[in-house]
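Chain by chain, the residues:
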Amino acid sequence: MASKWLWNSIDLWISEEDISREIKRAELFVVDATTSVFQMLGSGSRKYSVKGLILTDTNRDSIEADSIANTARTLTTPYGSIANLKINSFKANAKQYAGLTLGGASYTADVTPLYEFTAELIVDV
Amino acid sequence: MSETLYADITGCSGILDVSVEAGYSMISANATVDCASTSLGLGDAISIDIGYDSAHQVVFEGYVKKKEVITPARMVRLTCQDILIRAVDFFLAADDPEAPLTFHSTGDREVVDGLLSQCGLSLASGAVSPTFTLGTNADGAKFNLQSIAEAIQFMCSITGRVCYADAGNVYYVDRKPYVDGDTPIDTWTTGAGGNIISIQRETNTQNVRNRIVCYGKTPIKATASAANPYLVVDQTAVIAHELVDLQSLAEAVCAVNLELLNRLQITLTMDLLGDSSIKARSVYHVSNSWVGSEEDVFVYKVSHSWGQSGFVTNVTATA
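Chain order of the listed sequences is A and B. According to the numbering used here, the first sequence is numbered sequentially starting from 1. According to the numbering used here, the second sequence is numbered sequentially starting from 1001.
FYI, nobody ran anything at the bench for these hints, they're computed from the structure. Treat the hints with care, as some may be off.
[To be verified] Which chain B residues stay away from chain A? Per the calculated CB distances, all over 12 Å, these:
hint, residue
1, M1001
2, Q1146
3, S1198
4, D1271
5, W1290
6, G1307
7, V1312
[Claimed, not checked] What follows is a list of derived Cβ distance ranges for each label pair:
hint, chain 1, residue 1, chain 2, residue 2, range
8, B, G1126, A, S36, 42 to 48 Å
9, B, P1100, A, M40, 54 to 60 Å
10, B, K1067, A, M40, 50 to 56 Å
11, A, P78, B, K1067, 27 to 33 Å
12, B, S1122, A, F29, 43 to 49 Å
13, A, D110, B, K1067, 56 to 62 Å
C-beta: ideal position from N, C-alpha, C; glycine also.
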């Protein structure tokens, strides 16, 4: 069951969220040794991968506009909000549907386009 | 074993890659820094401190000589050289060609110091022995239409000495490019606890010279030679310059260069786990049975590479 999140003021119906963080280490091999030597360079930023539904072309285009304009927004989740997020990648697929009720409101395909989207969000201050 | 890499460079943030190179035959050490942003501009002083959180030190002090702003990588690349770049960039051109910079009956160290003073540098304290005296005739030893670095490198070629900068000081010393009764600082080895990532040992006679000929101010000339079991025929080096104006100086030039050049060349090229304490002109012991190396070596050239691939020190050493 998707829950309602907000990208700035745009409704997102999120079904999946992954949080990842890359750690950068060099691995070096000493001749005839039996263990590696690791050199820690640093860690990357936390990345949020989200998947869910958005309604209307207007909302889809607003999110896409934020991605290409490198605009920082606040993501509001049921568990709190995360500020200064930017969209690192965004993909939306139009879905066929007969009728849909989200957050107590009903939608039909001939009036309201529905998109399944995936996005990667990064903290960039 | 896991170490955390460390880098602190004057006026630079978001440091991506650092490369520092210094060598026996390089009058000026150089460095390249890739970073996200910098407050430095051309001619600004820069200090490079790299290594690990647990052990790091300044490996380079010098000036920014080139600044490149690169996109789409959105980074800045600084190319830097140490203080002896002043000697490289300063070209001697007297206002009056009949009155160039001239030294009369002056020891080689004082000549080098006098040349350096032209570009605002001076030698750190120290002495060399024996003294090679130049400019003993009425004309004196004249320098014109060459850079200070070229003049000093010529001085080094006739005396067998070396001029270099370290930690902001300039030295002119008797330092042969091979192990000469030195005590090694440490041992480099393979296996558990070792630090050698790769090693290559090479012997050749390409730069060996067992006969030295010196032509000085007419009619000064001298020759020195010695047997060398590795050569198939005598290989000769010639040093010719009017600055050599005494027979005894010509003979000393031959003797010094014969000692320097009439040696089998044994060269080790190694990649080591990054170690910012390794400097050019220092002596270490190398232990690796596969290449047949159980010997002390002189660090002829050292290159520290710090960055996205880790911290590796490349050494070219002579035994």
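Pairwise beta carbon distance, A:D110 to B:K1067, judged against the given window 56 to 62 Å: The hinted range 56 to 62 Å holds for A:D110 and B:K1067, with Cβ atoms some 60 Å apart.
Cβ separation of B:K1067 and A:M40, checked against the hinted range 50 to 56 Å: The hint (50 to 56 Å, Cβ to Cβ) is violated, given that B:K1067 and A:M40 are roughly 29 Å apart.
Range hint compliance [Cβ, A:P78 to B:K1067, 27 to 33 Å]: At 49 Å between Cβs, range violated.
B:Q1146 remote from chain A - nearest C-beta pair above 12 Å: 44 Å, holds
Verdict on B:S1198 as a residue remote from chain A, using beta-carbon distances over 12 Å: Contrary to the label, B:S1198 does not stay out of reach of chain A, its closest Cβ about 7 Å off (not over 12 Å).
Assertion that B:G1307 lies farther than 12 Å from chain A (Cβ): 8 Å, violated
No chain A beta carbon within 12 Å of B:W1290's: It is violated; B:W1290 is separated from chain A by about 8 Å at its closest Cβ, not greater than 12 Å.
Distal placement of B:D1271 relative to chain A, Cβ over 12 Å: Since the minimum Cβ distance to chain A is about 9 Å, B:D1271 lies within 12 Å and the statement is violated.
Satisfaction of the hinted span 43 to 49 Å by the C-beta atoms belonging to B:S1122 and A:F29: Taking Cβ atoms as reference, B:S1122 and A:F29 lie about 46 Å apart, which means the hint holds.
Beyond 12 Å from each Cβ of chain A, as asserted for B:M1001: Non-interface label on B:M1001 violated, nearest chain A Cβ at 5 Å vs cutoff 12 Å.
Cβ separation of B:G1126 and A:S36, checked against the hinted range 42 to 48 Å: 44 Å, holds
Range hint compliance [Cβ, B:P1100 to A:M40, 54 to 60 Å]: Taking Cβ atoms as reference, B:P1100 and A:M40 lie about 57 Å apart, which means the hint holds.
Hint compliance for this structure: hints 1, 3, 4, 5, 6, 7, 10 and 11 are not met, and every other hint is.
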